[in-house]
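Build the complex from these two chains, which are given one at a time in their own frames, with help from the hints.
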Amino acid sequence: MRKRRLVFISLLFVLIGAVATAFYLFFQPHRDIKNAEAEYVLSSEALVAEYLTDKAAADLKYLDEKGESAIVELTGRFLSAHANGPSTVIVLEGVAGKSDVHAHLSTGETVDIAALEGKQLRLKGVLISGPEFDADLELYTPLILRESSIIN
Amino acid sequence: MKNSSLVLMMVSIFLLAFSSGSKLQSVKSHISFYSHTPLEDIKADNYTAISTFDTESGAVIFSVPMQGFMFEKALMQKHFNSANFLDTKAFPKAKFKGNVVQIEKVDLKKDGVYPVTVAGELTLKEVTKPVTTMGELKVKAGQLSVSAKFPITLADYGIVFEKGKPASNIAKTVEVEVHASYDALKD
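For the record, the sequence lines run as chains C and R.
Note that the working numbering gives residue 86 to position 86 of the first sequence, counting from 1, and the numbers run on in steps of one.
Note that the working numbering gives residue 65 to position 65 of the second sequence, counting from 1, and the numbers run on in steps of one.
So here's chain R without its partners, still in its complex pose (with noise of 0.2 Å):
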């Protein structure tokens, strides 16, 4: 008995050193969102998403607070966060999962700005859609960035306005740009 827990201790401890060994984690980022209508331009900038990046498998994972988006007006914050529309006192996060197509074409040990495809999913009020993208991998004096840019049609999410100011005033399909800041890359 004693043996098969110390054997399972040692397995569990492998695992974590093998599964966390090239994980990154950020918490300096940058999520911003653009809406254009004729009527009206929107931005909402959110700094307070959480995120990870394996080096080995290029597996990136953003969660973001959903409250942390921050608006010019005090009405179109609140319009985002109620139930019609983001609903995030029910679903207060978002969560992106994906990977970095051929991570292992990537030097990340050399500096330079690596252009690179991002495929993964966004769950968004609990629906789940595949997004994939053109991204950035930057490395500089040992830090790794990443930025990306890609379209979300709220329909898709379940987010739909029939009437009323921001049927008119929110487009159909937003800007989504992301920026991360890792922690330093182990040599």
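Just chain C, same shape as in the assembly (with noise of 0.2 Å):
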């Protein structure tokens, strides 16, 4: 009688740690990348320059395969400011006449952009996408930044 509760209760606490993973794995948070330590620090252009480099070398040192991909700590020359979709998104010189950071700001981060007006400023984020010239577009895209928030 004893036994069979022994093996009731170890069955029950396996049944608990299994679907309390399952909750976990279902519900798990995004990270925190405000909070988070920037695993490369360096120059906007250092950045874009190194892709148009080698963008394969990029891609493979940068993204990751689920998705989460390398923070990022940026210094570079603000340039411009535009609104979009539920973000502002600001733009630091990258390698002139070739590949700027476009670094869109996490939803609900607010900035003063008259402020900004040629500075240089650091800001953190994730990189999603390396700049390259795209033939069919006929230019050479941004450096991209997603959940992007300014330092100083």
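Keep in mind that the hints are not guaranteed to be accurate.
[To be verified] In the DSSO-like style, the derived pairs of lysine-lysine whose C-alpha atoms are separated by at most 30 Å in a straight line are:
hint: 1; chain 1: C; residue 1: K61; chain 2: R; residue 2: K140
hint: 2; chain 1: C; residue 1: K98; chain 2: R; residue 2: K23
hint: 3; chain 1: R; residue 1: K95; chain 2: R; residue 2: K125
hint: 4; chain 1: R; residue 1: K125; chain 2: R; residue 2: K97
hint: 5; chain 1: C; residue 1: K98; chain 2: R; residue 2: K89
hint: 6; chain 1: R; residue 1: K95; chain 2: C; residue 2: K66
hint: 7; chain 1: R; residue 1: K95; chain 2: R; residue 2: K140
hint: 8; chain 1: C; residue 1: K55; chain 2: R; residue 2: K95
hint: 9; chain 1: R; residue 1: K73; chain 2: C; residue 2: K34
hint: 10; chain 1: C; residue 1: K55; chain 2: R; residue 2: K125
hint: 11; chain 1: R; residue 1: K172; chain 2: C; residue 2: K66
hint: 12; chain 1: R; residue 1: K97; chain 2: R; residue 2: K23
hint: 13; chain 1: R; residue 1: K129; chain 2: R; residue 2: K28
hint: 14; chain 1: R; residue 1: K89; chain 2: C; residue 2: K55
hint: 15; chain 1: C; residue 1: K61; chain 2: R; residue 2: K89
hint: 16; chain 1: R; residue 1: K78; chain 2: R; residue 2: K140
hint: 17; chain 1: R; residue 1: K78; chain 2: R; residue 2: K23
hint: 18; chain 1: R; residue 1: K97; chain 2: R; residue 2: K109
hint: 19; chain 1: R; residue 1: K172; chain 2: R; residue 2: K73
These are computed hints drawn from the structure, not numbers from a lab.
Here it is, written out as structure tokens:
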């Protein structure tokens, strides 16, 4: 009788553990990019130049196969900003005449654009797309960050 | 030798001016997809696509960073990007290349909403398939925007789930909605 109870309790624990794990996996939160530490810290110009030199190698280095790609912290000259969908996009200078950095700020992240004019900015975000010359578009595409936030 | 270089340079400048004169660019876009099954509805949004629109030829091109799709659930986002689904590390961008059929019948100098047919090719994971859909061109105060909606059958692009949660929770055909606003129209 005691042995059966022990088996029953053990099975119950296993079941609770399995349900809790499945529940966690299904409802696991997104990464907290704003509070996470950047994996790479460099200038926006250096990162764009790295991509334009060898895109395949850079994709291998920065992109993740489950979409949890590298969090990068970039410093560069503020060029412009525009609204897009639910957020603001900050454009930092990359390689002049070719590609710049388009950092899509996280939804709800507010910024005083007038105060950014002509400044060197430091921001952080997830690298999702590297720059390259696109022969169909006939232009250099930008380096794109999402879930970005301005550090200073 | 000097003369031939000069001629080549002039031809290049002419071609560049001719080819880019009517081309508008968009960095303000929204692409979403919606999947419905009895078990779950899944929606993802992407605001990172780059597009060009040639107002003379009607050529419209979208380059879509696949890791720009954001999902409500982190697990869905991981599935979407994984090697079994879109494999976004190996294939970071999708592309649509198409044309607005009979663009010459649309007066882009006049404000209005114009129903159009868009025909082209969509490339996902290096698989290219034809896409034809109804869309809309909207001109307002010199600003052009395009919208379209079309279904994608995932198996056409080699995306097939045999078993597991994705097989039951992701529809075989998903609805894609596209919207882009372009820089100002030239007079």
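Going through the hints against the structure:
no.	hint	in the structure
1	C:K61 - R:K140	violated, 43 Å
2	C:K98 - R:K23	holds, 18 Å
3	R:K95 - R:K125	holds, 10 Å
4	R:K125 - R:K97	holds, 15 Å
5	C:K98 - R:K89	holds, 23 Å
6	R:K95 - C:K66	holds, 20 Å
7	R:K95 - R:K140	holds, 27 Å
8	C:K55 - R:K95	holds, 17 Å
9	R:K73 - C:K34	holds, 18 Å
10	C:K55 - R:K125	holds, 17 Å
11	R:K172 - C:K66	holds, 21 Å
12	R:K97 - R:K23	holds, 14 Å
13	R:K129 - R:K28	holds, 25 Å
14	R:K89 - C:K55	holds, 12 Å
15	C:K61 - R:K89	holds, 10 Å
16	R:K78 - R:K140	violated, 39 Å
17	R:K78 - R:K23	violated, 36 Å
18	R:K97 - R:K109	holds, 24 Å
19	R:K172 - R:K73	holds, 20 Å
Going down the numbered hints, you'll see the structure goes against 1, 16, 17, while the others check out.
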